[in-house]
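Q: Each chain, written out:
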Amino acid sequence: MTADPSRIRNISIVAHIDHGKSTLADRILQITGTVSDREMKEQFLDQMELERERGITIKAQTVRLSYTAEDGRNYILNLIDTPGHVDFSYEVSRSLAACEGALLVVDATQGVEAQTLANVYMALDNDLEIIPVLNKIDLPSADPERVAREIEDIIGLDASDALLVSAKEGTGTRAVLEAIVRKIPPPAGNADKPLKALIFDSWFDPYQGTVVLIKVVDGILKPGMKIRMMSIGQTHEVGRVGIFSPYPLDVEGLSAGEVGFFTASIKSVRDTQIGDTITDDRRPAQTPLPGFKPIKAMVFCGLYPVDPAQYDPLKEAVEKLWLNDPAFSYEPESSAALGFGFRCGFLGLLHMEIVQERLEREYELSLISTAPAVSYEIALKNGEVVQVHNPAQMPEPDKIDTIAEPYIKMEIYVPKEYIGPIMKLCDERRGRQVDMRYLSEGRVLLEYQLPFNEIVLDFYDRLKSASRGYASIDYDFLEYRPARLVKLDILINKQPVDALSVIVHRDKAYYRGRDLVGRLRKVIPRQMFEVVIQAAIGSKIIAKERIPPLRKDVTAKCYGGDITRKRKLLEKQKEGKKRMKQVGQVEIPQEAFLSILKI
Amino acid sequence: MAGMYIHIPFCTKKCPYCDFVSGPASPETKKRYLHAVRQEMLLAAERPMLSGLHFGSIFIGGGTPTTVQAEEIISLVDTALETFLFSGTPEITVEANPETVSPAYLREIVCAGVNRVSIGAQDFADKGLAALGRNHTVDQVVAAYDAARAAKVPNVNLDLIYGWPGQSPEEWMKSLETAVSLEPDHISCYELTLEDCTAMAGEVAAGQVVLPSEREVYAMTEFVEEFLQEAGYEQYEISNFCKPGMECRHNINYWENGAYLGMGAGAVSFVPPKRFENTEKLSRFIELIFGGKRASMYAETLGPEARFREAVILALRMNRGIELRKFRLRWGYDLMLYYGDRVSEMIGAGFLNLTGGRLYLTRQGRRVANSVLSRLV
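The listed protein sequences derive, respectively, from chains A and B. Per the working numbering, residue 1 is the first one in the first sequence, and the count goes up by one each step. Per the working numbering, residue 1 is the first one in the second sequence, and the count goes up by one each step.
Okay, chain A solo, but in the shape it has when bound:
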């Protein structure tokens, strides 16, 4: 019943976002007959509607393919699709750990990008055999030779027999499959040893309970077994054991080298953390597989329902999501301006956006989010150290001894003509350059140390526009460093709006205050009353704008024929107000809360 390990190939595809990873996966599914043409939706593996719309893979997904190679033998290929964004690099690294080889997909019109590099290094760290694939060769702007050279120069991989592919048109995809069979080693491991399996993804299914994706390294996993999670020590009974091909299919067991899923009545996905090792509770392995690290949120923001009556549905949604996404954290918080909501933690900005969108879309909620913030380490004069990840929770200035903020190390890959604007941007964001290297004639690697709070707002957008989209980045947490930071408050008609508070560097406070107040003046519509917007540090007002009251807002004619229409116009006006948050007597539109997201 168990598969012959020599006929198994576990592979991943690593690529920069948009370089065609998912399209290549689609083609492979089609060629191997795993998915019929009729079933084939574009980017089949990107299951969630949201993923398809954004064109990115959020959750790693895996599928078993059956391929008869030119040598006449039948092989099992486990294709493990990985997310392609910096926020999800840990998920990528665990998916890679489940493989013996990887396809490195590089857009032949673009070249090597930061994400490519970051992921390739991860693959190399995991000792994977790497097959370079140059994609999009059908495009007139494709320059496979240059890109192959880049792969050799920058990554140091031999790209002399890189495969030339157009995943979109299907060109060269069979050669990819042959290369997988020939070049990638079969999994090692021993089916007779005690069970050791790596968790590389898990999610909650309302009918199955928690579904856990695993790679069995040693031993055999069978239904009904009692297993133990090695990091947290919990034990569970295995329900179904199966594979995706691409639809779930039960099997009698998964043995060393195989990739598949099992289900168990585990309430929370959090109990099946990615990177953890499962073993047989009765015959446990001595040591877990290497590389497990608990995931820690890096970016925080407040999420509030626009309509206070949606607090309970939001609570339910957040709880469900928490069970499903170990990287997401939340705690209840309340805001004088926004009412009751949650302070949520995320891996990064994309993760934050995705969670917000999922909450809004899958749970039909309408949300206001506060500006994303990082977590500050505040040393109080009484010797206590507190973590603050909501500006509104900042202790009184006279109680603070020092504030430390997180720094990151950032690598920026950019064509040399954009070095100037990128350096200027990093300077503005209090960055310190540590290195600058020419990777090839035209491409440069800049290494910076930057305060993370300068990144969480619109750094990525600015970087993209400063480089016309050519720059790519990767970053890692570095350390906490003390800084001269202050809390900037926004007052509307003398009332502080806690949800608009931000923590900024003292040198930037005046500029930021004026900018914010000016921005708010533009997005808050005129009201029946005068609206005064102020920015303040403590009790000191540093910027002020006023919005004059609405002078004229009246329908001149309202007779029998148009009563309905005129009433509906008023109802529309009322609906518009409902979508705003009332602070005192002032109605503040959602855009106001978004306006602080830009610097």
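Keep in mind the hints are simulated off the structure, nothing from the lab. Ideal Cβ placement from N, Cα and C applies to all residues, glycine included. Treat the hints loosely; a few may be bogus.
Below 27 Å or equal to it, Euclidean Cα-Cα: the simulated BS3-like pairs (lysine-lysine) are [as the list claims (entries may be wrong)]: (1) K574/A with K274/B; (2) K31/B with K13/B; (3) K557/A with K293/B; (4) K320/A with K293/A.
Covered stretches of chain A (chain B as the covering partner; in silico rule of three or more C-beta atoms under 8 Å from a C-beta of chain B) [unchecked claim]: (5) 551-559; (6) 570-582.
From the structure, some residues in chain A lie toward chain B, with a derived Cβ separation under 8 Å [said to hold, decoys possible]: (7) L117; (8) R270; (9) S329.
With chain A held as given, fit chain B onto it using these hints.
A: Just chain B, lined up with the frame of chain A:
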């Protein structure tokens, strides 16, 4: 008491700001249409749900009703009076455009019972008439007014529009002064509303013409209220002013949420709690009526609470506002309890006033009536 509205969808030329159902038409089309309207009255009178209605007014509007022959107007009025129940002497209004009425025309319709003529003067400066794309001159406005007086029309209204592209507050003041110097019984002053899809809205959007600033329009409105009050006109609704006792009863019925029957293409009827709307298409209207069918489509039914809220927003358009006790008896809701803080906040802020059991918009409130009413709708 109910009101009857009769729509005449014809005019000599489409005005650039107008979004009503109207346009030029051939004499034959007009004839067929008017025949259909009379036929519609006969059909309507047979409907049981309308049998209980007692009418107090007829309003023949448009378009420009006076683009049809005087005898056609008379025949419409006669048919209405013969077909439906009227209480007392009904108020019978005809809208008229200056270029379309002669003294003889007006004498004829007055003889038939028309006792209120509303003249679409719009402005007393040729610049204004040009900006509004009107088909007449200031002299024709004055001539039409004199003709109405000569015909002994008991209540003459002048319709004016202010805030048109290029108008200065001074120009408006002068126009309004001229209008008042004629001593009409009734004056309607409408701030220009740009309706979507009108020619003027397009020109403004394209930057070809520029509307007065909000500050200027505000000043114009202030002037309207102050000047007309001094001249002995009482404001009884946001845009309507009259000499004591000369209010338009037909229109007051709308703001009091009364029943009304609309005859003709695009006309709306309100037979509580239902609203109906006739097809806007002329040919379809004629075809339906001559086929013995109703031209109306169901538009909406308002529940008791929605009706109450609609009654509130309509009544507050009138200066006398809402008599709370009467409203409670009629609708079963106590307005102050129903709205709670929303009303008291607006009273506190000076947009509404509550005195002697009456709730009404203040001067400040009238300027931003939509903001106030949108909180109550």
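Q: Indicate, hint by hint, whether the structure satisfies it.
A: Now the hints, each set against the structure:
1. K574/A with K274/B: holds, 23 Å
2. K31/B with K13/B: It holds: about 18 Å lies between the C-alpha atoms, which stays within 27 Å.
3. K557/A with K293/B: violated, 31 Å
4. K320/A with K293/A: Measuring from Cα to Cα gives roughly 23 Å; hence the hint holds.
5. 551-559: holds (count 9)
6. 570-582: holds (count 5)
7. L117: violated, 51 Å
8. R270: Check failed: Cβ of R270/A comes no nearer than 44 Å to chain B, outside 8 Å.
9. S329: Result: violated, 38 Å to nearest chain B Cβ.
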